[in-house]
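Q: Letter by letter, the chains look like this.
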Amino acid sequence: MTTLLTSTGTSSSASPAVGRGLALSVLRLHRSALWLWLLLVVVLSAAMLWAYGPGYDAADTDLQERCRKSVETCHFPDGPAFIRYDRAVSYSTLAVTCFPFLVAVWAGAALIARELETGTAHLAWTQSVSPTRWLAAKLAVPALLITAGTAVLVPLHRLVWDQDAWLRSMDWYDRSIYPSSGTLPLAYALCGLALGALAGLVVGRALPALGVAFAALLAVYYLGNEYRLSLWPTVTVTGAKALNLPDDALQLDRGVITDEGTRIANNLACADADGVAGLRRCLADSGLDEIWATYHPRYHYWPLQLAETGVVLAVAALAVTAAFVLLRRRTATEGVAV
Amino acid sequence: MSRVGDGTALTAVGLGKRYRRRRGHVLRDCSFRLPTGRICALVGPNGAGKSTLLQLAAGLIRPTEGTLTVLGTSPAAARERFAYVAQGKPLPLQLTVAATLRLGAELNRARWDQPAAERIAYGHPTEQGARDGALEPTARIRSLSGGQRTRVALALAFGKRPELMLLDEPMADLDPLARRELLGALLGEAAEHGTTIVMSSHVVAELEGVCDHLLLMGGGRIRLGGDPEELLAAHTLVTGPARDLTGHTVVESRDTGRQLTALIRPGGPPSDDWQTAAPTLEELLLAHLRNPKAPDLFTEDTEAGEEKSGSEAEGTKEAEETGKPGETGEDQENEENARA
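Residue numbers (the working numbering), protein chains in the order written: chain A, 8 to 345; chain B, 46 to 385.
Note that these hints are calculated values from the structure, not bench results. Here a beta-carbon is modelled for each residue, glycine too, at the ideal position from N, C-alpha and C. Keep in mind that the hints are not guaranteed to be accurate.
[Claimed, not checked] Between beta-carbon pairs, the in silico distance windows are: (1) A:41 to B:143: 16 to 26 Å; (2) A:125 to B:336: 38 to 48 Å; (3) A:151 to B:331: 51 to 61 Å; (4) B:133 to A:324: 30 to 40 Å; (5) A:324 to B:338: 49 to 59 Å; (6) B:247 to A:337: 26 to 36 Å; (7) A:151 to B:139: 15 to 25 Å; (8) A:240 to B:139: 44 to 54 Å; (9) B:139 to A:336: 27 to 37 Å; (10) A:39 to B:345: 49 to 59 Å; (11) A:39 to B:338: 53 to 63 Å.
[What the hints assert, rightly or not] Pulled from the structure, derived: some chain A residues nowhere near chain B, Cβ distances all over 12 Å: (12) 44; (13) 93; (14) 102; (15) 177; (16) 228; (17) 230; (18) 236; (19) 244; (20) 272; (21) 282; (22) 289; (23) 312; (24) 325.
Using the sequences and the hints given, assemble the complete structure.
A: What follows is the structure in structure tokens.
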């Protein structure tokens, strides 16, 4: 996006000043969105900080007390303190997870399409701002704010979840936490911005653009969910190692190799064998040669996160490029008048 | 920056625009030249293509065929030097009037004239205080009437201190007082800074006596172009016994049996038994609109791209990198095409 920005900066004298004015104008036009975003960041941060500090402490003390009284509550945490804590954590996670969709919907409807619909975009284009610079500013300013906000929310969220491990054992790959941790929330939010902008330009009307932007991001999100585990090579082990995978590994498949050398997936034969000797005996009894298991160890968290982030950002880059191409084709942005 | 009459504000050569492939042309084979410093009325019936022409000049859409040169360069390169007010007067509804003017300042950093914009927006306070409907800086655009929004839109245009103003139906929803005031401001601007003004309208009377250039649109092209006085002088309204009109160009003739009324461009002295009269501007325009087959007439040289002019040299300077002064608009255009 920065390259596009500089390459289209054809204006003569006061480029930096115009750029600043343009950024200010974006903030001025979308002031309510800016306040809403700030409010969201503040409220979510407050909720998560509360959950991290007093909320957790209260729930923890309360639960330990209950646990002492009855063993059952050790496994099924309950009580008003825990429920309050649980709500704070769940809702903030939900917000962090859904926030990219909020961005997409806003970018499609309010940022671009409404301006095209009411003609205020054309108003900007006939001031001293070319359509490409306009779009560049429309993308860059929100992108910056989204990045800043996410940089606060995601680490906080992480903090809460790391501490949460005792209360409810959630694995690193759990679907309710994985997409809202690491670099993914930012990637999906930026992708939402790009897809929203493209949808706004293509559709040109606020309400349909809102729907299209949401659907587009949902598709990307769904595909991400579906294929994220294939984005990094898995680890395959055989023999006794396949019996005892590391505790926090995400097991993907487990199977056997027969004496004839056929590989059978999704097979739990001998998976419960006891020790190396037990395994050998079981294999010999069943006419099998070996057992195997594929999994993602915990240290695959970052490679997987970064690979998915890369793919999602690539989608975003494609959408941005398409948006610029579309805009340039429609309007007289460069010196072309043919 | 003297641009007295020798430059070219707008040049169109074979301009055409189709919105959808299957639909017909909105503009077709539209050619004309508008010198700088003029106050030009762009008149024509609804759907004649006035707005499309102005949008093309403002660089908001691209022509399907032909070229359009604005202030000696392409619309995109001239962006900073013209102002455009769209027909719907779009403004961000959530802003206040003052914030809208600040927006104008932010988007036109290089050449914003705040006092000029405020003069138009808030008007001159009279001795009796502000006149009815005067704008408050803190009023939201949302709460303004159509005419008041026009005022703000025009204020944005004035604040830009443009060399060319493209105004699409600027007077349509103004009350007579505001119309007078804003026309006065436009004329003052033109007189003081040599600003070229193009105003579209479908009400001819609205602009009569104000403009010193007329472009009549019909059927997607310019039918008449030039000084209204000269255009009027070129036509004669004749009434008399029905007879042969060969030798004259007949724009429109109406035969009421014994009597023939015709608007002609005389090709020689008319016969003695005819009563001749000078047509009014309205009669002239209506006659042309009623008869699409009447040949087009331009009282000034409309050949585009042949002149080298001060304004075009200026254009080159501001469009930077294209560089070499003294080039014609056409050459510049080609070069920019090659660059893109």
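Q: Find the hints from earlier in the document that the structure breaks and name them by number, from lowest to highest.
A: none
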